[in-house]
Amino acid sequence: MKSGIGVFFAVAIALGGSWLGFVVGPTLQLGTAKETAVLVSGDTWPQQRTGEATLGLQIYRANGCAACHTEQVRQQGVVYEVALTGAGKNPTAVSNVLAGLKLSGLTKEEADEASGKITGAGGKAETHLAATGTDIQRGWGVRHSVAADYLYDAPVQLGSLRAGPDLANVGGRLADANWHLMHLYAPGIVKDSRMPSFKFLFEKRKVGVTPSPDALTGLPKEFAPADGYEVVPKPEAKQLVAYLLSLRADAPLYEAPFTPATTAKP
Amino acid sequence: MNPADTNQDCTAKIDASCRVPLLALFGVASLSLVLGLVFAIIASVTFHQPEAFASCPCLTYGHTQAAANDLLIYGFAMPAALGVMLWIFARLSQAELALPIVPVAAANLWFIGVLVGVATILGGGSSGYTWLEFPRVSAMLLGVSFVLVAVSATATLGLRKERELYPSHWFLLAALLWFPWIYSTANLFIVTTHPVRGVTQAVIDWWYADNLVFVWLALVGIGTAFYFIPKITGQPLKSRFYALFAFWTLIFFGTWIGIPAGAPVPAWLPTTSAFASYMLIIPIAAVAIVFVKTLRGNTVVSRGAALCYFRSGTVAFLVSALMLVIQACPKHSSVLEFTWFGQAQVQLQILGFAGLILCGAINYIFPLVMGKELPFKTVSLQFFSTMFGVLLLVISLAIAGVKQGNAVYEPTAAKFWLMISTTGTLLVLIGALMMFANIFVMTFKWKIALAKAALAAVKAPLENSEVKA
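Chains as they are written, first to last, in numbering that gives the first Met the number 0: chain S, 0 to 265; chain W, 0 to 468.
Simulated from the structure, these hints should not be mistaken for lab results. Check each hint, because a few of them may be wrong.
Claimed, not checked - In silico DSBU-like pairs for lysine-lysine, Cα to Cα no more than 35 angstroms straight-line: (1) W:458 - W:371; (2) W:230 - W:376; (3) S:190 - W:414; (4) W:330 - S:190; (5) S:1 - W:237; (6) S:88 - S:116; (7) W:402 - S:220; (8) W:402 - S:198; (9) W:160 - S:1; (10) W:230 - W:160; (11) S:1 - W:12; (12) S:220 - W:414; (13) S:220 - S:190; (14) W:402 - S:101; (15) W:330 - S:101; (16) W:414 - S:237; (17) W:446 - W:230; (18) W:292 - S:1; (19) S:1 - W:230; (20) S:203 - W:237; (21) S:203 - S:220; (22) S:107 - W:330; (23) W:402 - W:237; (24) S:190 - W:402; (25) S:233 - W:414; (26) W:414 - S:198.
What the hints assert, rightly or not - Partial chain W-side listing against chain S, Cβ under 7 angstroms, derived: (27) 169; (28) 201; (29) 254; (30) 261; (31) 448.
Backbone N, C-alpha and C fix where the C-beta goes; we use that ideal spot for every residue, glycine too.
Next comes chain S alone, as it looks inside the complex (with noise of 0.2 angstroms):
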């Protein structure tokens, strides 16, 4: 290249080319994305935040947590269980044939044809579907992350360190805002974490007439304020909380399947 107009071109051509591919390209494959439907129930996916989830979304965004924390489970692959729901009427034809199968990390003809032996022996069987990986096993998620999950989010939030643990479905796993508001105060509760305190979210303060019905409850000894005091969360906590609550990817889509654990219907 001899002059100012080559090196002009090998630049559009190749910026123009990565441009057309990374930017443009998503932006049109998944910038008119609509909500999608969650297999078998049919709801609409992702449900839109509460006010004050939207709110703890900028706090967390504020305070970068991104930095530490990511918001994408990774999966490997899928595995099929059989499950015997019923024994029918002879049970111990079923328990005989069921002495001998591998009921877990299956393939999708092996989870058939153990089906079919328990079917078979009169028992029932279902066949379920569960993701793998070790971000599954880790217990962090029960499917990987998809695109839909971050529909709502501006701005979105994934991470790319994990010096502490993945978020994208804690609101699935560790459902209790206590828990969450005491370990923002003192991570410490948790053995050998290393996140630094979120104390400026919280106001430590004499106990009034009536004690606060914020307060924390339940800190440990080594935590907990002075006689006296309480700790009592600041709005920004609570929302902060609110939007880790609302951190689920746990349903069931077309582009990631998996059988949901039954819960017990009266």
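Fit chain W to the given chain S structure using the hints.
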């Protein structure tokens, strides 16, 4: 007067024409480097002393990490690179810097933008997008300042006597065109009141991060190294063809990297990025060939002087690019994604590659444009301090990443190695302080001399002809 004298005289004039703009740009760069590393140390200490800075909201990891990274790239690397670029363009053109007042104004606007941005991040006003944390006003100041410097740079380029471009020209000119494109796109698409929907924000942010931290720094770093290595060794760049090949493949494949393997986006995006990452082997090989061939038979002994900076910096680039290739392999990405390994690569790219090459260039250029030796003879000390610091920092973070990945992100798995990384950053900071002291003292002396000259001019008795009878 023989021709050699005229030439030297002319070179001194060119250097002097760059003096004020480079004072401003390098001053911003050296101060930001120190500030950025201080924030990096505060951020890093959080991992062995979580409570150390917890009482101050603005000093928690989420704030200081973003402030440190932005200070290092927008505060240090970019002004330093722009200053070096202006000087290289003036020297290659054999012409005095065009419109020298423009980059001076730009450097000041740029610094205001960076300061406002960092203050906003510390106050909780970060936009929440990696590398784009600055608020809109900072983004505008940075964008305008960059274009101003680019105007002066291209005007100087237009004055060149030798019409054919030198290989460094391609890289540096491409960098001038690259940044306005990616920065305006990223800011208009995501740092606005109505950003694009959902996960597209993350895709555009990744695209921007890769094009800034990998491609932009690679363009200015390699462009600078391809200028200085032949200049210092006195051997020509070997060869123009390989350099052209490296340039094309670097921008062609480098620009597609950045979407991580596990991202919750349509699969074609991470797949394209992984493919581009493997292809990165080609520019890595091309740069390595130019590097080895040009240095073969070199007799200049360096011992920490300028050549060491450019040699180590280029090696840092090759390693950092190889780390990107490793991260793209599915076998490794499942372990290394979301760990400190990625941070190790970013730090190597910024402090090891861009940091060493730009500091080397500043130490080389600064005495020339000032027409004086540096006040402290710390150039080789700064080199060894920075290099060992970067080695400690990057190796410990990489080991921490592997440990963390294998332990499935147990928070304590990497604690020891994170303490080593803090030590590494401290060594880099010591090196940065030496450069800052040199630039600061020299600027101070220059300003005093200016003031004295002005005072002398005021006090001087009027000539007879000017005295009214």
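Here is what the structure says about each hint:
1. W:458 - W:371: Holds: residue 458 of chain W and residue 371 of chain W sit about 27 angstroms apart, inside 35 angstroms.
2. W:230 - W:376: holds, 22 angstroms
3. S:190 - W:414: Roughly 14 angstroms separates the two Cα atoms, so the pair holds.
4. W:330 - S:190: Roughly 31 angstroms between the alpha carbons, so the hint for residue 330 of chain W and residue 190 of chain S holds.
5. S:1 - W:237: holds, 17 angstroms
6. S:88 - S:116: holds, 15 angstroms
7. W:402 - S:220: The hint holds at about 34 angstroms.
8. W:402 - S:198: holds, 31 angstroms
9. W:160 - S:1: Holds: residue 160 of chain W and residue 1 of chain S sit about 13 angstroms apart, inside 35 angstroms.
10. W:230 - W:160: holds, 19 angstroms
11. S:1 - W:12: Within the cut-off at roughly 27 angstroms; holds.
12. S:220 - W:414: holds, 27 angstroms
13. S:220 - S:190: This hinted pair holds, its Cα atoms lying about 15 angstroms apart.
14. W:402 - S:101: Between residue 402 of chain W and residue 101 of chain S the Cα gap is close to 34 angstroms, so the pair holds against 35 angstroms.
15. W:330 - S:101: holds, 29 angstroms
16. W:414 - S:237: Holds: residue 414 of chain W and residue 237 of chain S sit about 31 angstroms apart, inside 35 angstroms.
17. W:446 - W:230: OK: residue 446 of chain W and residue 230 of chain W at ~31 angstroms, within 35 angstroms.
18. W:292 - S:1: holds, 22 angstroms
19. S:1 - W:230: holds, 21 angstroms
20. S:203 - W:237: violated, 68 angstroms
21. S:203 - S:220: holds, 15 angstroms
22. S:107 - W:330: Holds: residue 107 of chain S and residue 330 of chain W sit about 25 angstroms apart, inside 35 angstroms.
23. W:402 - W:237: violated, 41 angstroms
24. S:190 - W:402: holds, 19 angstroms
25. S:233 - W:414: holds, 32 angstroms
26. W:414 - S:198: holds, 23 angstroms
27. 169: Nearest chain S Cβ about 5 angstroms off; hint holds.
28. 201: For residue 201 of chain W, the interface hint holds, since the closest Cβ of chain S sits about 5 angstroms away, which is under 7 angstroms.
29. 254: Status holds, d = 4 angstroms.
30. 261: holds, 4 angstroms
31. 448: This interface hint is violated because 38 angstroms lies over the 7 angstroms limit.
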